[in-house]
Amino acid sequence: MLKAIWDNIKGLYSLLVGMSITGRYLLSPVETIHFPRQVVDDEIMASFRGPIQLTLGKKDPTQTRCISCQMCAKACPGHCLTVTKGDAKAPIQWLYDFSYCCLCGACVETCPTGALEFSHKVYLVTVSRQELILDLLSDLKTRGTQLGNQIVPPVPPAAKEASPSVAPASPSAPATLAAPTSAPPAPETKTDPPKAAEIKPDAAKPAQTKEPAPASGSTDPVAASPAVNSATNNPATNNPATNIANDVKTGAPAQSEPKAQTVAPQELAPATKPETKANPVANKKIHDHSSRPAKKRGHK
Amino acid sequence: MDLSLAIFVQIIAAVLLIIALMVGNAVVMVYMERKVAGFIQRRPGPYEVGPWGTIQAICDSMKLLAKQLYRPGNVDLILYYLAPVLAFFPVLLLFLPIPFGPWLTALHINEGIVLILAFAGLGVLSNLLAGWASNNKFSLLGAARAVAQTVAYEIPMILALLAVVFLSGSMDLKRITEQQGQWPWEWNILLQPLAFFIYLVSLVGETNRAPFDLPEAESELTAGFHTEYSGMGFALFFLSEYANMLLVSFVAAVFFLGGYKGPIADGFWWLFIKAYAVMFFMVWIRWTFPRVRFDQLLNLNWKWLLPLGLLNLWATAIIMKIFL
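Chains G and B, in that order, are what the protein sequence lines are. Sequential numbering of the first sequence, starting at 1, is according to this note's numbering. Sequential numbering of the second sequence, starting at 1, is according to this note's numbering.
Errors might be hidden in some of the hints.
Computed cross-link-like contacts, DSSO-like style, restricted to lysine-lysine with a CA-CA straight-line distance of at most 27 Å [what the hints assert, rightly or not]:
hint: 1; chain 1: B; residue 1: 137; chain 2: B; residue 2: 67
hint: 2; chain 1: B; residue 1: 303; chain 2: G; residue 2: 10
hint: 3; chain 1: G; residue 1: 59; chain 2: G; residue 2: 3
hint: 4; chain 1: G; residue 1: 58; chain 2: G; residue 2: 10
hint: 5; chain 1: G; residue 1: 89; chain 2: G; residue 2: 59
hint: 6; chain 1: B; residue 1: 303; chain 2: G; residue 2: 3
Coverage of chain G stretches by chain B, computed from C-beta distances (three or more under 8 Å per stretch; other residues unrestricted) [what the hints assert, rightly or not]:
hint: 7; stretch: 21 to 31
hint: 8; stretch: 62 to 69
Since the hints were made in silico from the structure, they are not lab data. No experiment lies behind these values; they were computed from the predicted model shown. Each residue gets a CB set at the ideal place from its N, CA and C atoms; glycine is no exception.
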């Protein structure tokens, strides 16, 4: 009896403790960040697991470490990854359908070379599903180029407007970067793909030989000029939303172009084969990709 | 009390003012509730509409007015529409005997607290009717809980108030106020701390608020007795709930906290400050404590509040007899 009374009095004390805690929280400052007016600090963003991206290369930041082993594509529960192998190990196309991604990280964990990582992009906004199909190679190119711009001091006389590290070292570099120089939504005009096709074979060579991108002058005079222009078109703005928007825009038309002139690579998943031979019209390509997961499930 | 024309006009004016007070109180309380909840959870609460979100509650009430009054099938038509009205109108009556200032009482009667306690019981009748007429098991369960809870918690509430009535020898709210002084150490809360504590607990139970909000427990009964009410039907329940909160806070202020008396200058502002302090306390504990189980609720009442209230009343009576 007495013990029960004593227990209840102790219970009353615990109520007071609870009220003191909420009272303290009532008076402590608010944690909410009002998004359009305020933005979260970058340090906090570092723990955010956003859409995946390719890690920067060790020697050349624009080079991916991916070896096109397809482990990530198989591990992905949403079938949202499409890695297309080129003649060498390095992929010539790396498509990521973020609209199917559940951010589980299976691809990041399975990657044997550590070529994948989570990005910290919070402000990804698109107006259509198609824009969510991200071209990670061109994204890597952009980021690597920006990094190079920050690190390497200018300027070799050969390429004036260019920052020197924009060496077209890997096959899709000229293609992806050349795209925005033309009017953005103009993949159907048929004038672009031939240009890219010209550039392509030249640029493919250094990639095959695994030659790291030199920090100065380009080895490829043909590819240099478009790359230069587009590099200046992608300023390293602080607003992440516009950055991604740029990525998406450059990525979408670029997807078609490496494919346009590639001969069908040897080791491809059966579902990807018909797509690599398809025509260079970008929109059609994207439709193919958005319907892909269904196809793959059909195979299983 | 002769019902002359003057008194009639006075009561009509008072009722109009009380309606305005009820609506204004609901708006203020919704804002305060959401703000306090927000700050306790370290988020800002309403923020976007108007400066510091002050217009948010008004916008919400406009939306509520404009909503469709949806009536589910198989309800008991008369009782279904009678219940919200019955919840709203007795509350008007309850504010009449409250002394807002030395000369500011709508209806000065000798047994004010009897009037309040008697008509406060009508609120639970409206809950019961609403739950019964809705033809919905959640509503019926909520109504049953409301009746059991409110009937139980009225008793310690009356016992606590009765101790103060013993002390002042009157049931007249104005006389009880007048017998307390201006300063906090002259208030009844120092003479009757246990009664104040019992009243504080039982007023939370009486107004069906968390942690004793079992009649409308969201996670168990969707919304309890007003599950099937939308638009103005719900708004009337809502208004009367907040008006009931205001009323029990007024009574607490009058009985234990000196009513309209306060430092510097007496007046209705002191009554409002004290009442809203009690309301803030109610909001605070709502966002602190989890909801109790129903057996815990009734155990607390019958095993603790009732014996303590009786003990307190008994001790008060003996001390009054011996020393005064």
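Against the structure, the hints:
1. Our distance criterion of 27 Å between C-alpha atoms is met by residue 137(B) and residue 67(B), whose separation comes to about 24 Å.
2. Restraint check: the Cα-Cα separation between residue 303(B) and residue 10(G) comes to about 16 Å, which is no more than 27 Å; the hinted pair holds.
3. With a CA separation close to 73 Å, the supplied pair residue 59(G) and residue 3(G) exceeds the 27 Å bound.
4. A C-alpha spacing of about 62 Å is found between residue 58(G) and residue 10(G), which places the hinted pair above 27 Å, so the restraint is violated.
5. For the proposed pair residue 89(G) and residue 59(G), the alpha carbon gap of about 17 Å is at most 27 Å, so the pair holds.
6. Taking the CA atoms of residue 303(B) and residue 3(G), the gap is about 15 Å. The hint holds against a cut of 27 Å.
7. Residue count for the stretch 21 to 31 of chain G with a Cβ under 8 Å from a Cβ of chain B: 10. That meets the three needed, and the coverage hint holds.
8. Remark: the stretch 62 to 69 of chain G is not confirmed as covered by chain B, as 0 of its residues place a Cβ nearer than 8 Å to a Cβ of that chain, below the required three.
Against the hints set out earlier in the document, violations occur for numbers 3, 4 and 8.
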